[in-house]
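Given chain A, work out where chain B should sit, using these hints.
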Amino acid sequence: MMAVSPTRMSLLRLRRRIALARKGHDLLREKMDALVMEFFEVLRRVYEVRKEAFDRLASAHFLLSLCMASWGTVETEQAAREAAKGVVLETSVRYVMGVPVPVAEVEVTVRSPLERGYSLLSPSLLDRASEEFERALKLLVELAELEETARALAWELERTRRRVNALEYILIPRLEAALRFIAMRLDEMEREHFFRLKRIKALLERRERSGGGAEG
Amino acid sequence: MRREIVVVGDRETVTGFALAGVARGYVPSSREEALSLLRGLLGEEGVGLILLTHRLAEELGEELKRMVRGKGPFPMLLRIPDRTGYRPERDELEEMVRRTVGAEVVVRKE
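Note that the protein sequences, when read in sequence, are chains A and B.
The opening residue of the first sequence carries number 1 in this note's numbering; numbering runs sequentially from there.
The opening residue of the second sequence carries number 1 in this note's numbering; numbering runs sequentially from there.
Chain A with its partners taken away, still in its complex shape (with noise of 0.2 Å):
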């Protein structure tokens, strides 16, 4: 139960709160409604990017393991680590909804054994596997992208939830109740006035017919 004053005025008040109480309830909803079918078109190309990447990912490790295996651990590595660096993401920020999502691109995906920078006369299952990591790569990000989305996404509708059941199960009834509770409390007031009012009248009548001369 809230704290009010039976008046007139808070009545008023009242009734205002609670349409815009029921205004707000209803734009939430739409905004969760519309945000759970972001999320779902988005999980759906989650699902898609995920078996592309991860098959792609898993042939990767596969020549890479071929590699080391025929070539060697030692020198595998050490081409790896004599590899071209600096592969870097052109990123910003976009918003779905008010949301703020990654925006994510690598720059340069598949580049050529001469580009890589170690030795050439590794063998070429090396480059094969370097490739397949780049290709593997580029999809990771893509899909990296579009699991930071769902997340972010999930996130804020998580939020919105739990503000749509506060308005429908907490504030907007306990609005309802104070409003029940003031209207009749003024209604009681109303009727101990006219109460009031015919006692009065009765009082003064009784008065006048005894004596006469006072007056109200």
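Derived from the structure by calculation, the hints contain no laboratory data.
Be aware that one or more of the hints could be misleading.
The calculated lysine-lysine pairs, modelled on DSS-like cross-linking and capped at a C-alpha distance of 25 Å, are [unchecked claim]:
{"#": "1", "chain 1": "A", "residue 1": "K138", "chain 2": "A", "residue 2": "K85"}
{"#": "2", "chain 1": "B", "residue 1": "K65", "chain 2": "A", "residue 2": "K51"}
{"#": "3", "chain 1": "A", "residue 1": "K138", "chain 2": "A", "residue 2": "K51"}
{"#": "4", "chain 1": "B", "residue 1": "K71", "chain 2": "A", "residue 2": "K138"}
{"#": "5", "chain 1": "A", "residue 1": "K31", "chain 2": "B", "residue 2": "K71"}
Using the frame of chain A, we list chain B on its own:
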């Protein structure tokens, strides 16, 4: 803005991505080392993507989840299978779907 990619996991994974041109790769030797490494990476402005093997992520468990919760869009954190293709049965994304939707969801293939 330009940001780096970082790989955290086993030797093969780090070697593979080094061949693809990823400059920073770490092979933590203990749980504590992995946790403090990731805590540092997650707070680094210039890091755009952290690739973490599922096996290691699973080992870090709740502590990793707590670290990731509430972070901004960057750095992105992606769990990937290692050389053995290891992935947990129920991954974190499916858990999330169940929590947000309140029901099991099966995405049908088209």
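Which numbered hints fail: Going through the list in order, the structure violates no hint and respects every one.
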